[in-house]
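S.K.: If you read the protein sequences in the order shown, they are chains A and B.
Just so we're aligned, residue 1 is where the first sequence starts under my numbering, counting upward by one.
Just so we're aligned, residue 227 is where the second sequence starts under my numbering, counting upward by one.
Keep in mind that the hints were calculated from the coordinates and are not lab data.
Honestly, I wouldn't trust all of these hints.
Claimed, not checked - Quick list of in silico lysine to aspartate or glutamate cross-link-like pairs, EDC-like style, CA-CA up to 16 Å: (1) B:Lys-312 / B:Asp-395; (2) A:Lys-70 / B:Glu-252; (3) A:Lys-70 / B:Glu-456; (4) A:Lys-70 / A:Glu-136.
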Amino acid sequence: MPPKPKMLQVLDIVSILLLAIATLMVFLYAPMERTMGMVQKVFYFHVSANWIGMLAFFVAAVAGGVYLAKGNRFWDVLEVAAVEIGLAFSLIGIITGSIWARPIWNTWWTWDPRLVTVTVMELIYVAYFMLRQGIEDPDRRARYAAVYAIVGFLSVPLTFLSIRLYRSIHPVVITSSSAQLSPKMFQTFMFSLFTFTVLFVDLLWHRVRLGELTERVERLRMKLSE
Amino acid sequence: MTPASNERTSLWRATRAVVWKDLTAELRSRELLSAMLVFALLVILTFNFALDLDPKTRGSVTSGVLWVTFIFAGTLGLNRSMAVEKDRGCLDGLLLAPMDRSAIYFGKAVANLAFMLIVEAVVLPLYSVLYNVNLFRPGLLLMIALGSVGYVAVGTLLSSMAVQARTRDMLLPILLFPVTLPVLIAAVKGSAGFLSGLPMTDIQPWINLLLVYDVIFIAVAFIVFDYVVEE
Chain A
1 MPPKPKMLQV LDIVSILLLA IATLMVFLYA PMERTMGMVQ KVFYFHVSAN WIGMLAFFVA
61 AVAGGVYLAK GNRFWDVLEV AAVEIGLAFS LIGIITGSIW ARPIWNTWWT WDPRLVTVTV
121 MELIYVAYFM LRQGIEDPDR RARYAAVYAI VGFLSVPLTF LSIRLYRSIH PVVITSSSAQ
181 LSPKMFQTFM FSLFTFTVLF VDLLWHRVRL GELTERVERL RMKLSE
Chain B
227 MTPASNERTS LWRATRAVVW KDLTAELRSR ELLSAMLVFA LLVILTFNFA LDLDPKTRGS
287 VTSGVLWVTF IFAGTLGLNR SMAVEKDRGC LDGLLLAPMD RSAIYFGKAV ANLAFMLIVE
347 AVVLPLYSVL YNVNLFRPGL LLMIALGSVG YVAVGTLLSS MAVQARTRDM LLPILLFPVT
407 LPVLIAAVKG SAGFLSGLPM TDIQPWINLL LVYDVIFIAV AFIVFDYVVE E
């Protein structure tokens, strides 16, 4: 087994440090929101987690496309890694959102476009893993998964659009014209986004390494049984 | 004849041949359509008691009931039409045929669409009679056509993947429903709009959404289908 690359070790430490700083910034640096109070603090990691969810599924769709074009196993491993991380972070996003919504909207859940879209996205990628599990031939599994990662990702904006034609109560904090945040809040927010993105790269790298090891074990096992 | 136009004719002719094969097989066995139709009627019957479709509730839920019926019956048909190819080794035969593989996709999709439209053509008048509502409005028929095209376009692609899986019958709806949610939402809302006589400006966004969905996913399926059937 190849040793853990130096860069990855550095990245591990950097992610941990960044995460610690971001947490401190959320609680100490960013000012308390006037009407919502403490519960508003969840916003920084909530949006960051959802951003990583979207980014991860986008990476998966692109990896799927490259896999279909090139046929290199690496892209399949990358795709699975991204989907797995995306699922976890979207779930974090949903849970943190619920924590915020309970006191602010007076309900854990509403049928708002963003909420429903993220949930449908979760279901799409749960289905993605069911598809992978059902198919034994590794090449076919990779091809089908790539197709589904592409089709699933393309349907997400349309799902969002279709639910948006209903009314929405989700707050739009960042509009194209301006952000309704005080400068310190904005800095904390941007820092959280950055932190989560670094964390994503770190996790992705680990997961890809794990995926490649799994493939190697599978190959060795096949060789043994021959 | 230039090579390009020659190729196009052969794709067109191959597609027609696949459609023809499916329709002829169905005409002889009638197992797919009869199952879809009986199932559709059972769904409507179930809804009648599950939702207590009295005249007042009926107005607001008709389009929803119709679409759930179409989509369930459609899933049944999609599953079966691919399973038949797989089980009897027909798929290998189709793949060996010297033609563009997109023809298999388009042929199966058109045949599946035909089956779904036939079921809808039977369910609509029946529903009209059973519940004493007039469902023959051109707008509603347009929504049904656009919605079915989108549903079948994705459904044919995904069913050709699901059929290769161990859990195939269970897998198709799980793969298909989350991805076709925009179709369902737009079709239900658009149909409801036409049924309750909303002005065209309120319905137009749903029609646009369905058109966009249909175009995007027919194109995507056309591009990726080769990878699905590649051996």
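S.K.: Taking the hints in turn, state whether each one holds.
M.R.: Here is how each hint holds up against the structure:
1. For a cut-off of 16 Å, the pair hint linking Lys-312 (chain B) to Asp-395 (chain B) stands: about 13 Å separates their Cα positions.
2. Between Lys-70 (chain A) and Glu-252 (chain B) the alpha-carbon distance is near 39 Å, which puts this suggested pair outside the 16 Å criterion.
3. Straight-line distance between C-alpha atoms of Lys-70 (chain A) and Glu-456 (chain B) comes to about 14 Å, which keeps the hinted pair within the 16 Å bound.
4. Simply put, Lys-70 (chain A) and Glu-136 (chain A) have alpha-carbon atoms about 21 Å apart, too far for the 16 Å limit, and the pair is violated.
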